[in-house]
Amino acid sequence: DIYGYAPQRVNSLHHQCVGELGKGLVIEARSHIDRVAEAIRHTAHPFVMGVQWHPEFHINPQEATQGVLDSGPLMMAFLKAALRRAGRVRRLTEGMSRVRERAFELGGR
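FYI, in our numbering the residues of the sequence shown are 1 to 109.
Calculated from the structure, these hints are not laboratory results.
Please note that a few of the clues may not be correct.
Here are the computed lysine to any residue pairs in the SDA-like style, where the Cα-Cα straight-line distance is at most 20 Å [stated by the list, open to error]:
#	residue 1	residue 2
1	K80	D1
2	K23	V48
3	K80	Y3
4	K80	V68
5	K80	G50
6	K80	R41
7	K80	L92
8	K80	R91
9	K23	P46
10	K80	H15
11	K23	I40
12	K80	M96
13	K23	M49
14	K23	V51
15	K80	V48
16	K23	Y5
17	K80	H42
18	K80	S97
19	K23	H54
20	K80	M49
21	K80	A44
22	K80	H54
23	K23	Y3
24	K80	H45
25	K23	A37
26	K23	R41
27	K80	V36
28	K23	G4
29	K80	G4
30	K80	T43
31	K23	Q8
32	K80	I2
33	K80	P55
34	K23	E56
35	K80	F47
36	K23	H45
37	K80	A37
38	K23	T43
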């Protein structure tokens, strides 16, 4: 849902492609020329996706006016997912520290 369903143009210059999807993976985008999978995602995880192009090369909104996909929304979605994950890991780590401290207090009596 990052880009919706409208056709987009990306830098599709690759000599390898997805041949067979692994368990839980689905194709999100295909090349209109050769039907090669350009984007895939995992159905059971909140942010597991792969793309066949280089989104880091296209984060300039001006390129969108030239017909090339602006990768900014994809990069922002990735960063937001990473920050959410980091927050969960930090909360878990802090929680475990409190459990250890409490166990030490109880064991020291």
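Hints, one by one, checked against the model:
1. K80 to D1: holds (15 Å)
2. K23 to V48: Cα-Cα ~13 Å, so holds.
3. K80 to Y3: Distance of about 16 Å is within 20 Å: holds.
4. K80 to V68: violated (23 Å)
5. K80 to G50: At roughly 16 Å apart (the allowed maximum being 20 Å), G50 and K80 satisfy the hint.
6. K80 to R41: The hint holds at about 17 Å.
7. K80 to L92: Judged against 20 Å, a Cα distance of about 18 Å means the pair holds.
8. K80 to R91: holds (17 Å)
9. K23 to P46: Within the cut-off at roughly 15 Å; holds.
10. K80 to H15: violated (31 Å)
11. K23 to I40: holds (12 Å)
12. K80 to M96: Between K80 and M96 the Cα gap is close to 24 Å, so the pair fails against 20 Å, i.e. violated.
13. K23 to M49: Given pair K23, M49 holds - Cα atoms ~13 Å apart, limit 20 Å.
14. K23 to V51: holds (17 Å)
15. K80 to V48: Holds, at roughly 13 Å.
16. K23 to Y5: violated (24 Å)
17. K80 to H42: holds (17 Å)
18. K80 to S97: violated (26 Å)
19. K23 to H54: violated (24 Å)
20. K80 to M49: It holds: about 14 Å lies between the C-alpha atoms, which stays within 20 Å.
21. K80 to A44: holds (18 Å)
22. K80 to H54: Answer holds: K80 to H54 is near 19 Å, not above 20 Å.
23. K23 to Y3: violated (24 Å)
24. K80 to H45: Measuring from Cα to Cα gives roughly 15 Å; hence the hint holds.
25. K23 to A37: Within the cut-off at roughly 16 Å; holds.
26. K23 to R41: holds (11 Å)
27. K80 to V36: violated (28 Å)
28. K23 to G4: With a Cα-Cα distance of about 24 Å, the restraint between K23 and G4 is violated, given a limit of 20 Å.
29. K80 to G4: holds (18 Å)
30. K80 to T43: The given pair, whose Cα atoms are some 18 Å apart, holds under the 20 Å limit.
31. K23 to Q8: violated (27 Å)
32. K80 to I2: Answer holds: K80 to I2 is near 12 Å, not above 20 Å.
33. K80 to P55: holds (16 Å)
34. K23 to E56: The given pair, whose Cα atoms are some 27 Å apart, is violated under the 20 Å limit.
35. K80 to F47: Given pair K80, F47 holds - Cα atoms ~10 Å apart, limit 20 Å.
36. K23 to H45: Holds, at about 12 Å.
37. K80 to A37: Roughly 25 Å separates the two Cα atoms, so the pair is violated.
38. K23 to T43: holds (9 Å)
Of the numbered hints listed earlier, those contradicted by the structure are 4, 10, 12, 16, 18, 19, 23, 27, 28, 31, 34, 37.
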